[in-house]
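Just need the whole structure built from these sequences, with the hints factored in.
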Amino acid sequence: MSAQTLNVPGTPAPIPVDPQAQDKDDKFYYATQWNLIWWKFKRHKLAIISVFLLALLYLSAIFAEFVTPYNVATRFEGQQQGPPTPIRFIHQGSLRGPFIYAVKRKADPKTFKFIFTPDETKPIPIQFFSQGDPYKLLGLFPSSLHLFSTGVGKTAPPVFLFGTDRLGRDIFSRTIHGARISLAIPIVGVALSFLIGVVLGGLSGYFGGVVDEIVQRLIDFLSAIPQLPLWIALSAALPRDWSTEKTFFAITILLSIIGWTGLARVVRGKLLQLREEDYALAAQAAGAGQWRIILKHLLPGFTSHLIVSITNGIPAGILAETSLSFIGVGMQPPAVSWGVLLQDAQNLVSVAQQPWQLIPGLFVIATGLLFSFVGDGLRDAADPYTR
Amino acid sequence: MTKGNPLIEVRNLQVDFNLFEGTVHALDGVDFDIQHGKSLGVIGESGCGKSVTAQSIMRIVPVPPGKIVGGEILLHLDPKHNNGKVLQAVPAGVPAGALAGAGNAVALPTPELIAAKLGTNTINVLDLGAMSVEMRSIRWKEIGMIFQEPMTSFSPLYTIGQQIIEGILLHLPGETKKSARNRAIDVLGRVGIPQPKRLVDVYPHQLSGGMRQRAMIAMAISCSPKLLIADEPTTALDVTIEAQILELLKELQAEFGMSMMYISHDLAVVGEMADEVIVMYLGRVMERATTDELFAEPLHPYTQALWRSIPRIEADQERLIPISGTLPNPFVQQRGCPFFSRCEHRIPGLCDTQRPPLFEITPTHQVSCFLYQK
Amino acid sequence: MLAFIIRRVITLVPILILISIVSFAVIELPPGDWVSFRIESLRQSGLQVGEDEIYRLTSQYGLDKPAYVRYVSWVTNMLQGDFGYSFQWNEPVNKILAERVPRTMAISLMSLVLAWIISTPIGIISAVKQYSAIDYASTFLSFIGLATPGFLLALILAYFSITVIGFSPLGLFSQQYLDAPFSLAKLLDLGKHLVLPLLIVGLTGTGVAIRVLRANLLDELKKQYVVTARAKGLSEYQVLMRYPVRMAINPLISTIGFVLPGLVGGEVVVSIVLSLETTGPVLLRAVQSQDLYLAGGIVMMLSTLTVIGTLLSDIALAALDPRIRFGGVRK
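Protein chains in written order, with this note's numbering: chain A, 13 to 399; chain B, 11 to 384; chain C, 17 to 347.
One or more hints might be untrue.
Take a look, some chain C residues computed to stay more than 12 Å from chain B by CB distance [to be verified]: (1) N106; (2) K111; (3) V117; (4) F183; (5) L186; (6) Y241; (7) V255; (8) L336.
Listed next, with one range per pair, are the computed distances between beta-carbon atoms [said to hold, decoys possible]: (9) B:R365 with A:W50: 39 to 47 Å; (10) B:K77 with A:G281: 19 to 27 Å; (11) A:P96 with C:S148: 31 to 39 Å; (12) A:A294 with B:T132: 36 to 44 Å; (13) B:E282 with A:L293: 31 to 39 Å; (14) C:E69 with A:V211: 48 to 56 Å; (15) A:S156 with C:F156: 41 to 49 Å; (16) C:K145 with B:E31: 39 to 47 Å; (17) C:E56 with A:S362: 41 to 49 Å; (18) C:K145 with A:L293: 35 to 43 Å.
Think of the hints as simulated: they come from the structure by calculation, not from any bench.
Given the structure is predicted, the values throughout are model-derived calculations rather than measurements.
For every residue, glycine included, the Cβ atom is placed at its ideal position computed from N, Cα and C.
And the structure:
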């Protein structure tokens with residue numbers, strides 16, 4: 013598409029076009045598909061922010077022991093079912109660095125509820141990069157460095173960003189730790205679904221005929237069954253005494269076995285459609301082999317749909333794991349996932365009194381939203397028809 | 011070209027499109043007339059603004075991103091040509107449909123009533139709101155339009171009969187559902203669709219391409235418009251069907267005394283169909299003439315280059331002669347003549363700094379080129 | 017059209033068979049059976065059960081026969097309308113199903129209708145006035161619908177209902193109406209209790225519907241027949257409703273098949289959380305205690321009804337789209 017065209021003998025030469033503008037045009041026209049997708053994605057402010065926040069979340073999950081002041085099993089006597097500790101900045105009229113007041117718990121004799129009164133005389137500063145419960149970073153390196161805390165061991169009054177649960181454990185620490193499982197299961201599950209879905213959908217779409225019929229029936233059948241009852245039944249089949257890891261993998265496999273249908277449908281549909289496109293026929297006429305046609309010509313045509321399916325499948329996976337664990341047929345204590353944390357909120361009466369137990373739920377929603385935004389941005393970016 | 015009996019007069023029409031990358035001046039001062047009962051051909055490359063011109067007359071330019079920024083389009087409602095009927099003033103308080111007696115309740119007021127209300131027979135279409143009652147009344151009743159792709163022009167959910175009848179009921183207050191159906195069957199028969207009584211109830215996808223185009227023509231003339239705009243109606247059809255459709259259009263024009271605006275990039279077809287022709291390039295009119303004049307003696311360098319590029323069997327030609335160069339960047343407004351960068355007769359200093367006005371060679375032949383400056 | 021229906025009904029059969037196998041297998045999967053579960057729970061409350069007793073119970077419940085024999089007898093019984101016996105409730109499964117499953121389906125379907133009613137105007141406005149405040153709000157709404165698990169929404173809304181409004185949404189009826197005869201007041205009470213489940217179950221459906229409608233409408237609005245309609249002189253409202261909206265609604269009908277399983281599943285979860293007297297809590301307990309016929313019956317019933325619902329929506333789509341009805345262009 014450059015200006016050096018059609019110098020036809022016998023007719024005057026055309027006037028050359030501005031070279032700088034030409035360069036810019038060329039860069040645009042010769043960019044690869046991935047370049048284009050990246051440029052368009054960058055324009056999507058919401059998606060970029062979401063990617064950033066998600067990265068933050070995943071990093072926090074990986075380095076959970078560092079980010080949180082306490083370990084998952086650490087209990088604090090006398091602090092059960094406590095509300096989130098307010099972080100204050102003003103003590104007796106003057107501004108200071110972030111600090112808290114120690115809290116004393118008393119049972120109200122009339123309502124039998126717990127009342128937490130802060131001791132406003134002594135500000136306890138929040139220390140950053142301080143010492144705390146010992147742990148093994150990434151399971152390998154022993155350390156006791158924490159991002160923030162109020163000091164070492166049990167003598168320092170604890171800071172509970174999200175309050176405590178029935179057994180006096182810090183909900184904030186458990187939430188961040190729980191992110192590991194809750195964020196990992198969907199990723200692994202979706203990856204598996206992706207594999208199964210692409211393979212089966214691809215075979216079905218490209219070869220058609222009997223293969224297509226069989227896979228089609230399978231997809232119809234699997235997607236017609238209400239998934240949750242099936243999940244409940246299948247998960248309940250998992251023995252209670254399995255280790256956390258085993259349950260983790262079992263649930264992942266369960267989710268992917270039932271979840272691959274959506275992607276397979278998309279792959280199949282797109283392949284069926286693109287197979288008939290002129291450029292596929294042209295490639296065939298030019299002598300390209302089947303695999304080359306599939307991989308190099310057809311696949312890029314629905315990469316955008318694949319990306320979108322993946323990023324939309326992850327929130328679905330999060331929801332699934334959380335729902336199952338919440339009901340009690342997914343991850344079990346002592347494993348920590350957001351669903352397990354929300355089990356404590358099963359009792360509506362206790363939720364009414366201690367609403368902070370729902371905070372892990374907010375993480376669920378937020379993560380789902382972030383993935384959806386990213387997915388939306390990716391879809392707009394990868395769609396060759398939006399400018 | 012202001013002679014005789016104009017139905018439509020377009021004066022200095024300017025239409026912009028505000029796109030993400032910039033503003034395109036799709037129409038940059040277009041002038042032409044369409045005479046009563048005559049057909050105007052519009053020739054030009056893709057992107058020169060032919061369709062936008064048609065859309066502007068119908069006021070269906072997509073706004074945003076489009077915007078009509080200047081000019082006027084005058085529509086002449088001539089009572090003498092209104093099938094012999096004379097305009098009547100409407101007593102105040104009488105609803106529109108009552109004038110024609112029993113009929114249907116959904117009809118819009120007729121354009122004649124609109125003219126009576128406005129107090130003039132000459133309406134500047136650009137003064138009306140695009141979706142106002144007045145403009146909607148004019149559409150289809152005064153001006154019909156057929157499009158390039160007949161398949162996508164019909165909705166697949168309704169029968170062609172339903173879609174034709176919808177227009178009839180809207181614009182002919184005297185028609186009832188029954189009479190409208192009969193009228194639809196009539197007009198389908200008139201355009202050469204066999205067994206119209208049966209086919210009036212079929213869905214668009216059940217017809218072949220040529221039949222669909224006929225159905226679309228039927229729909230467009232069902233309300234006896236004074237002007238039929240044909241936007242590349244045969245481009246998607248094969249040659250034999252094309253010939254039939256062209257034949258049909260000529261018959262209809264003669265029978266109903268319609269004017270036609272025939273838009274195409276196919277020079278031969280335009281030569282066949284049009285009485286007068288305008289040649290457009292980058293949103294401006296380069297040359298206006300009768301068909302005979304234009305084909306016998308094209309004056310504008312662009313027209314000449316177009317003529318030269320047509321391969322001829324009888325000529326002793328070894329190579330094709332395209333027009334050198336490419337279209338300039340549409341986002342940059344051309345200061346002088348838009349054809350400057352590709353013109354073999356260009357005069358630097360003059361042609362690239364000033365816009366050539368339309369110079370009159372004969373009363374019917376005008377050229378926008380400084381070569382013909384007197 | 018008839019051939020189309022018959023063809024679809026025939027494909028129903030193998031699907032139903034597969035469902036029955038899966039339902040049965042799923043219950044059989046966990047080691048042990050109802051008897052061992054019962055014995056374990058008895059043991060936990062201090063009672064010991066002797067060998068003879070175990071044997072007697074096992075043969076009494078027919079649990080000593082091999083799996084495939086039980087499967088076959090289960091299926092044959094089902095075809096005659098007998099879904100077996102619930103060990104836990106000590107009642108025929110039919111009775112429990114008849115009581116609970118219709119409620120689940122009713123709530124699911126009502127949520128779907130509610131979702132449509134809400135999402136249609138929002139979806140239309142969203143597409144017609146792209147990038148407006150309503151468009152962004154509706155996009156946000158549908159995202160929330162996708163990201164929020166039903167049970168969590170149930171918890172949050174129940175929390176607000178209890179603390180802010182003072183209304184406890186548990187169960188389908190308030191305490192005083194539980195055994196009361198039918199009256200207007202009882203109906204009103206039911207309505208109040210249904211608000212939350214319908215909203216929650218419908219939220220996902222609403223999110224999906226808005227997005228589908230918006231996307232389809234945006235596609236349709238670009239098409240040529242909309243221009244033709246406008247050129248005919250129709251008003252903007254007429255152009256919009258009679259042509260592109262009518263086209264964009266079709267896929268919505270076909271999404272019943274797509275959304276219905278999710279709705280039923282969602283209803284199950286919500287009913288567990290809010291202790292509604294529908295299938296949810298019963299299924300959970302049945303599965304956990306390996307109450308074989310009850311659990312299998314519920315899964316079977318729900319799946320069958322959902323599959324039928326899907327079939328009906330396919331037929332509805334064909335009825336609405338003349339292109340499918342009369343052959344012609346079919347991708």
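Subject >> Violated hints - listed by number, lowest first >> reply: Hints 6, 7, 8, 10, 12, 16 and 17 not satisfied by this model.
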